[in-house]
Amino acid sequence: MYKSLFISSSFHIGVIMLSIFTLPFIAKKPIDVPPLVSVELIEIGTFTNIPYAPKAKKIIEKAKKKNEKLISEQAPPKKVKKEENKKINLEKKIEKIEELAPKKSPTPKNEIKKVKKEKLQSISLPNQKNEKVQFEEEKDQKPSKEKEKNKDLKKITETKKPEITDDEVKQVSEFEKKELFDPNNIAALIDKSKEDFGETNKKSNKITQSQDKSMNLSKLTLGEEDALKAQIFGCWSIPLGLPYNENLLVRIKLKLKPDGTLIKTEILDHARMNMPGQGFYKVLAESALRAIQLCQPLKVPTSGYERWKNLQLNFDAREMLGG
Amino acid sequence: MKFIKYLGIILIIFLCNIKNSFSLIEVDITRGNLNPLPIAVSPLSQNKKSKDIFEKKLNIIDIGSEISGVIENNLKQSGLFNPLNKDAFLQKPDIAHLKPRFEDWSLIKAQALITGNVAIESDKLKVEFRLWDVLAGREMLALAFTTVPNNWRRVGHIITDKVYERLTGEKGYFDTRIIYVSEEGPKTQRIKKLAIMDQDGFNTKYLTLGNELVLTPRFNPTNQMVTYLSYFKNLPRVYLLDIETGIQEVVGDFPGMTFAPRFSPDGKKIIMSFAKDGNSDIYTMDLENRIVERITNHPSIDTSPSYSPDSKFITFNSDRSGYQQIYVMNSDGSNVKRISFGKGLYGTPVWSPRGDLIAFTKLHKGKFYIGVMRTDGKGERLLTENFYQEAPSWAPNGRVLIFYRETKTNDKGEGFSAKLWSIDLTGYNERMVSTEMDASDPSWSSLLSN
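Taken in order, these protein sequences are the chains called H and C.
The numbering used here applies: residue 1 is where the first sequence begins, and numbers increase by one.
The numbering used here applies: residue 1 is where the second sequence begins, and numbers increase by one.
Computed spacing ranges between beta-carbons, pair by pair:
#	chain 1	residue 1	chain 2	residue 2	range
1	H	Lys-62	C	Lys-57	40 to 50 angstroms
2	C	Ile-10	H	Pro-258	29 to 39 angstroms
3	C	Lys-312	H	Asp-259	53 to 63 angstroms
Covered stretches of chain H, going by a simulated chain C footprint (3 or more residues, C-beta under 8 angstroms):
#	region
4	3-14
5	220-231
6	306-314
Just so you know, these hints were derived from the structure itself, not from any lab.
Please read all numbers here as calculations on a predicted model, not as lab measurements.
Note that beta-carbon positions come from the ideal geometry of N, C-alpha and C, so glycine has one too.
All chains, full assembly: derive it from the sequences and hints.
Structure below.
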């Protein structure tokens, strides 16, 4: 009775989990409605007495709303706190670095950065906002992964045995040789490990592999990322008329061919394109799309296509316009 | 039990793999370039019949090219666009207007393309235009205008405004006019006339004869009215002038030291400074009932008032701290705060129509600067420096400033010339605005159409 209940519940949980993780990807179809452009006929009179006041009022009201939002969302004391925290963190980091490796160069650089920040307070403010937003996003995204990893790690520690360390090394080198990890090959890998080691090793092997994989999948190397960034920096003409106190982040998902040319682009916050008062977002998104088109083929790494065939570019204009 | 355990572990691994296989590599792009956008402005096409009619009516051989020339010049002046040389165009205007071959246009590095068509329909000029995204290969905007044939330059300006708005996300400022004081003759016997022109320097008209000295014309932000100062029997008089009808009216005579009348954002009041009993303060006058209200009451000299676009605040300059500095107060005169704290003297503060910045003139170590600061005085940025320049006025979108600059004509300092200049908020795009004669005290109108 108890056993069957357990099987049933674990099976149900499994199905629910599967649907949670897989269904959104299946369901997410890009809403790519072709823009309808109507030809509007406008009559221009010989005289030009067109009242300006209602328009000005609208602008003023907008500005007021923005101000209110700004006040409510980003109350100045908080900013100060955060900045202070950051500075403290920075100082701590510097101290740490100094303790660990006093000869290393990063410390003076950090100090320079700090000084610059203090000097150019007004200019660097928006940058700090940027950083905040990025941090928040990272927070949003990372914890779930990390939690899962932690869970996995817990499991590992429960099942770990002394032989594991050697296996890890072997597995890592094996992975490097293959470079790519095909999820479909899990079974084969399990079989291999069965041959090589005992039953208990099997579990740890599997988990270390998935860890490696996630490490390699989630990032480009710094050099690869810099090459790509530098290329897109050159292609992206930022529209200068954007309101710099708004959220100017456009996230674009790309599907690439092995040579770096585009198969598909998709704007992730598509709904914002047609929202009232967000007209600038469309302009920004289009400029980002133009940049990607212009940069084609993208400077992607020569190997590891599976890793970067789907790529997300986060275009953020605030740093440039904030000054 | 063992089976269940394995099943559970396999399930977890499977889930992890799903998650990982979908985890995207993210790259943050936080920088771009501020290079002007390459844009191709194809000449507007027209059929032979309307071409003949235009030639007869307007005495212009190819009105399609003329209008596209207006657009091209506007875009270039904005500094945000780089119109490409027409010689490089591979596709004919009429075919391009129907369906451009995007490969041809991207070959010449155009990112956007403007095509159009001009026709005459029941004695009216009809202009149709389309804006294309060359890289994405699709249409971004399509509009048609009808107007009297003489308005053809304005059609060019309106098209530029629409294109500018679509590509930058900000209202344009091309279908506007600039009023200024036209100057000629030697410095001691200067003849000053009120003049008005399109923002690109064309269609200049003189509004006064030059018998009397005119100063500081300012546009009403709600319509095509202008207020200015003129001397009548050595007494300053504030005038109102309707540009459309040419009707002038005297608002009132004021004491000797009257300065810079300026409209309130709703256009119903005039704010100015004048000296009463030897003390310059700021006053407003209601245009309906002509009631004068005193706003500041301080023994120092308070001048150059300018309303914020929401009418809640006034910025002005005052020497109450010992030196001329910029202050902000509530519109009833309460809560006066100094906002400029930099070295040097600050003057002529003007609140941006967007409400976010105040433009000013700064004098420091014998040099004049035009700059902007936020309304709380922070973020001061000096945009341009010169021997003598002042009186900035905002374009209606709050991105460009126009001001005047005086330069010596020779090294001995004999003779001088005054010209209008424009500069945008980046400080890079500084351009001289061509005027027929010397010019000073410019004021930018609001958009003539929406």
